[in-house]
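With the hints as constraints, model all of the structure from the sequences given.
Next come the chains, spelled out residue by residue.
There are 2 protein chains.
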Amino acid sequence: MKKVIHYPNEWVMEEASFDSRYIQKFESTMAQGNGYLEARNTLEERYKKSKPGLFVSGMFNQFSSHEVTELVNFPDVFLTEISLNKELVNLESGKILSYSRQMNFKNGESVRSVVWKSAQGIELKLMFRRFVSMHDKHVIVQQVRIDSCESGELEILSGIDAQITNSGSQHFEEGEKRYFDKKYLQLFTQTTQTHLPVSVTCGQTMNHLFDRKAIMKRRQIFEKFSGTIQANEPIIFEKYISIYTGRDQEFDSKKEEWYLRKQPILEVQKNVDMGYEQLMAASEDSWNQIWQKAPIEIKTPAIKDKLLLNFARYHIHAMAPVQDNRMNIGAKGMTGEGYKGHTFWDTEIFLLPYFSYNYPESAKHLIEFRLNSLQAAEQNAKSNGYDGAQYPWEAAWLTDGEVTPEFGEIDIVTGEPTPILTGKLEHHVTGDVVFGVSQYITISQDSEFEKMIFPMVWSCAKFWCTRVEWNDHKNRYDILDVIGPDEYKEHVNNNAYTNYLAKYTIDRSIALYAKYKESLSEEEQGWLEKMQQVSQALYLPVPDEQSILPQDDDYLTKTIIDLAPYHQAKQVGTIFHDYNLEEVNKIQVSKQADVLLLMLLFSNRFTKQELMNNWDYYYPKTLHDSSLSMCVHCNYALLLDKTVLAYELFKKTFEIDLGDTNMFSSDEGIHSASMGGIWQNVVLGFGGLAITTKGISISPKLPKEWEELSYTFSYGGKKIKVHVFSEQIVLEKNEDSEIPLFVNGKKVILKENVTIAY
Amino acid sequence: MKKVIHYPNEWVMEEASFDSRYIQKFESTMAQGNGYLEARNTLEERYKKSKPGLFVSGMFNQFSSHEVTELVNFPDVFLTEISLNKELVNLESGKILSYSRQMNFKNGESVRSVVWKSAQGIELKLMFRRFVSMHDKHVIVQQVRIDSCESGELEILSGIDAQITNSGSQHFEEGEKRYFDKKYLQLFTQTTQTHLPVSVTCGQTMNHLFDRKAIMKRRQIFEKFSGTIQANEPIIFEKYISIYTGRDQEFDSKKEEWYLRKQPILEVQKNVDMGYEQLMAASEDSWNQIWQKAPIEIKTPAIKDKLLLNFARYHIHAMAPVQDNRMNIGAKGMTGEGYKGHTFWDTEIFLLPYFSYNYPESAKHLIEFRLNSLQAAEQNAKSNGYDGAQYPWEAAWLTDGEVTPEFGEIDIVTGEPTPILTGKLEHHVTGDVVFGVSQYITISQDSEFEKMIFPMVWSCAKFWCTRVEWNDHKNRYDILDVIGPDEYKEHVNNNAYTNYLAKYTIDRSIALYAKYKESLSEEEQGWLEKMQQVSQALYLPVPDEQSILPQDDDYLTKTIIDLAPYHQAKQVGTIFHDYNLEEVNKIQVSKQADVLLLMLLFSNRFTKQELMNNWDYYYPKTLHDSSLSMCVHCNYALLLDKTVLAYELFKKTFEIDLGDTNMFSSDEGIHSASMGGIWQNVVLGFGGLAITTKGISISPKLPKEWEELSYTFSYGGKKIKVHVFSEQIVLEKNEDSEIPLFVNGKKVILKENVTIAY
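From first to last, the protein sequence lines are chains X and W. Those letters in the first sequence? Residues 382 to 1139, per the numbering used here, in order. Those letters in the second sequence? Residues 382 to 1139, per the numbering used here, in order.
A hint or two may mislead.
Repeated chains share a single entry, so a pair holds when one copy, or any two copies, can fit it.
Here are the simulated SDA-like pairs of lysine to any residue, each with C-alpha atoms no more than 20 Å apart in a straight line [stated by the list, open to error]:
{"#": "1", "residue 1": "Lys605", "residue 2": "Ala950"}
{"#": "2", "residue 1": "Lys467", "residue 2": "Ser401"}
{"#": "3", "residue 1": "Lys476", "residue 2": "Ile503"}
{"#": "4", "residue 1": "Lys476", "residue 2": "Ser401"}
{"#": "5", "residue 1": "Lys476", "residue 2": "Gln501"}
For the record, the hints were derived by calculation from the structure and aren't laboratory data.
Structure representation (structure tokens):
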């Protein structure tokens, strides 16, 4: 049987044969975006399993008070029904003579070539091209080329379809449909609860004069083109789309009429004049600027490794709304409805480092999102009975506070939906935010920004000071009743990860206090004492006699079972086929890295033996049922010099989205944290880069399959380029000043380009 | 090419070959219902053009203040995904070896038999059966039988899918999903604005022990059955569904928990035990009771004539919520989203006679709907500046008043949506309601009910007395700025139909006043004088020197164009491909019967010459762009003794829904007024029955293709059976008393069964 996915080169993923069961895989992995908007790569013709998705960053709406706010699915603009002699082009009927869809992650263009024989026996050559412009963030362009082996009556139906919902929840009013100059379609609507106005404008062109008629149905406005296609005289149909909303930074309600209605028409007119190729070239150019700003290259015959990195980087830029500090990255980016477009700790622990090391301005915007939602975090803490700022487990609007849904999948034992407790108990995010921010400060050396974020760190520390509970018996502070990164354990006490992050937060706060205390009122300064006291007396679990750091107060006493069947499963979460969450709670099984993530983030606080023993203990008990797990284990394995194993784990991250071992894992969107994790594996893992308060350290561990790895990073605004070879490292610098750094533990002052042997 | 539709016998319509372009035709025409609920006949496996629809009478909801209230589309319960060795059963792939879906309009069951060869080469025999129980109005049952020519891994996914919307507008909350005893699925939800609670419960069974797993997704709860099918050992999968709502007559909010949650589970359990055949037999029995109550039979070799009548009668009973006087019939019944489930004048002028002549209790409930919404009609009049009761052009909830949407299809000239003015201007409905009610009283001779409806008639007359405007110049009352039945003419003055119906209303009111004036307050009695005055001075257009009754003040002066292309078109509304509504307004062209309907309803007020000349004038100018047109013309032709032409027109009503000349005309639902019209053609037209204040008159005009037509009717509670042959009439009576009647104009006193020669 023909393989469905091919990987022709380091920039291209190919759907090499058509199987309608898998179309959501490609909709997600081939999604196209520019940070402002992102569109799933839904086919022009539709199939039962098609799941169209078009999202604009920060466009949230709450369907009703019974649901949480979510990123709204925009009207579909890709549907293009083609029929020849009244027979609809549909790859499930007739015969596919050849098929290939290639997504180019370098320039963001997808190209699909199909040779199809209709049931009537007519052979059609079809080519579909499409991109979301990286150059002009509001623009999407689509091209369809049709070659027929014989003449016939051709019809093309295409336009704007606003019957689309978020899996049944409709977030838009029916809106106003307009047809201008018998050429331009425009839908003007608004979200039902947040009342954000939206316009979708579309100009459609053909290279032959066809009869053209507007068709307006409920929530739909289409044009139908009808005419004769001649044998071997290709028809080229193009569609120029512009999307604007009332949430755009440029939006000014006083100029709404212009901004949302007139200007998009002019833009579409202009784009029609420019044409597909010119607009595509501009977009490609913008992508190239992104790549050139921070080039990373792996020299290896293992194309899939290079592709994996490029895939990850492409998706980070396609999905991250770094242009706007009122928004943040969703757990599925904007590639699907999964996790409702909400932002998790994934940003700070998994994705932010990519930006901090390479695109500091973008990193800053992502952090400013947290800064801008400080008030909501403080309100959230207050409503939960705490002081300070408690960041929500799931975040959407700046002012929303907690937006985690309350129920999830069905419980196989009770038949009732499982309550989702993360929003109530998974508090470590308030530490993660401070960790990410601090890491950015360390890398950027941006003391002005440090001063700006001090109130946020201070407020997070206050939260922890009220979240802790005094244990009279043990003479210490505990943190009780939480969920740690391992979400298979609910209502645990003293989760090590959480406690360490809490102490980290408080200590950062005390350190910054010394610098910026004058910015605080006297009353606020009064918190210092409490912080010092909690910092000193907060219980931090320590390795036991076998050097095992207990994940929480009870984990090590729980039942141990044979996890082999779940390790071998192709899907995640298969343990729930046999146990419900309550039962899983009683087993020594972890969803993902928990203690190991803690030890990776704070590796200098643990001995090599401790690092080793905890790996041996926790690794076999971890099912990697979260996409956040494999990349952590990869870099942890490198701490232990297990380069071969690390490389194996790295290759497993390929399967999370890009691979073909699970064709349904990406249905609801790609895994955005994993994208950051993949970059961390390459640069911070194999590339060995770390910037800590002690400075830059580079200790690479190249897999033997790689001849060279080169990457760049910025430190304190200075750019350094690193080339790692199997036996030497070459460092290049762009700036004048001398940069001190540690290479494999040895101090080097980088005055000029140097080559250092291993 | 194989024909898509066959008509095997007088009760059965057959989809004889599968073409996914036409599936909505069959979804609508093969819809199954029992007056309480109705379901489109959506296929178990789904195609792009599938449009699932399940509606429960009176369940209205308004998506937002920008849309009007509409009958909500319920969660889908028919989706059944079958896959063999991971290949989905999908008739667009693989090969169809044989296909037949038959809908039996006698017992309401649909049976689909398919022999299909999968792409893998496995031959499957599939049989799908389904009915909505006429015996227990909350129950739907589905059966799937699968025979395989070889063994394989079979999966069946089926359950409740609440991602369904009304073409994009979601009316339900996400709701609660439950799985009881690992056997019963239940969705408990409510409408978003009317807050009506709803439960959909479903029990699924199989004749072999398969692995069974609940799958819960957003707004979806399914079970997946997995196991091995053996060659020639058929798998039988059954699904028992129960639907209850907070709008049911039996609903008591104090017992909600029982009524909506527990009781349905018990009912499903009971039904599972009874099994498909027994439940189907009970439903069939209930259908037979309906048929036996008012048998109508045509003896003819023309099967399609008999089928047409049965099709019409079946749909009337499937869609009419006659069990509940808080609801009425939608313009598409409950067979689709068209016209949003709203009630129009279609009920009183086209459908009510069927019930008045045959099922008086049902007719009474339909009238009580108007009675129960009198207050809203009075409020509606008031808000438009009138006194009395103004019935809304489109009605939904009893208390809603006018619910006509404000915009319709796109205007081809301006590119803007066309405003819908019917809700503002089409006022004749307030006359139609009184006409229908009065006709019922005449037929039923129910003077107690007459007294009950007097306040309604009185209030409608008051409306007309304030709606008219005094014309000082002509010394008369005019009715200005209306839309008549011909909706291609907006803002017209003195539409003849409207003025006659207004006068009729006032005259009925004055007549009833004489009988029931004591029920009025003194102040109310004061209106009598005004009514008498308006009745005398209201302008009724009269035939001109050519005997032409002007449709309105200007119609006869408008441009006359060649309408041949539009008469020949297969679709309706093709004139709008060339003209917009403003332009059509200036042409002597009518959408449907207007003057001719008036002259049919009041035929005794016009001379034969007038009837003839107006036919000759208006018939060629009428495009029949409404399904309400053809049936009126058929009966009008019979007034003129044009029996051959009438029969031709009757046969054209076949094409409105049941025929295959327009495969898309029924997409949004069947045309309910046409169903009533078909019965009127058979019984009131060819059968020649009329009951007026002068008594019963029977003047049949049998088409030569019919050997015999027999029908029954009730008059004053007495049942009479009529057999019409080509040369004689046989009358049978069931009651003791003597019944006077006119047969072909000659008075007969029916003492016993008689035979009368022509």
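Evaluation of the provided hints:
no., hint, verdict
1, Lys605 - Ala950, "between (48 Å within a copy, 19 Å between copies)"
2, Lys467 - Ser401, "between (22 Å within a copy, 12 Å between copies)"
3, Lys476 - Ile503, "both (10 Å within a copy, 18 Å between copies)"
4, Lys476 - Ser401, "both (14 Å within a copy, 17 Å between copies)"
5, Lys476 - Gln501, "both (10 Å within a copy, 15 Å between copies)"
Checked against the numbered hints listed earlier, the structure breaks none of them; every hint is satisfied.
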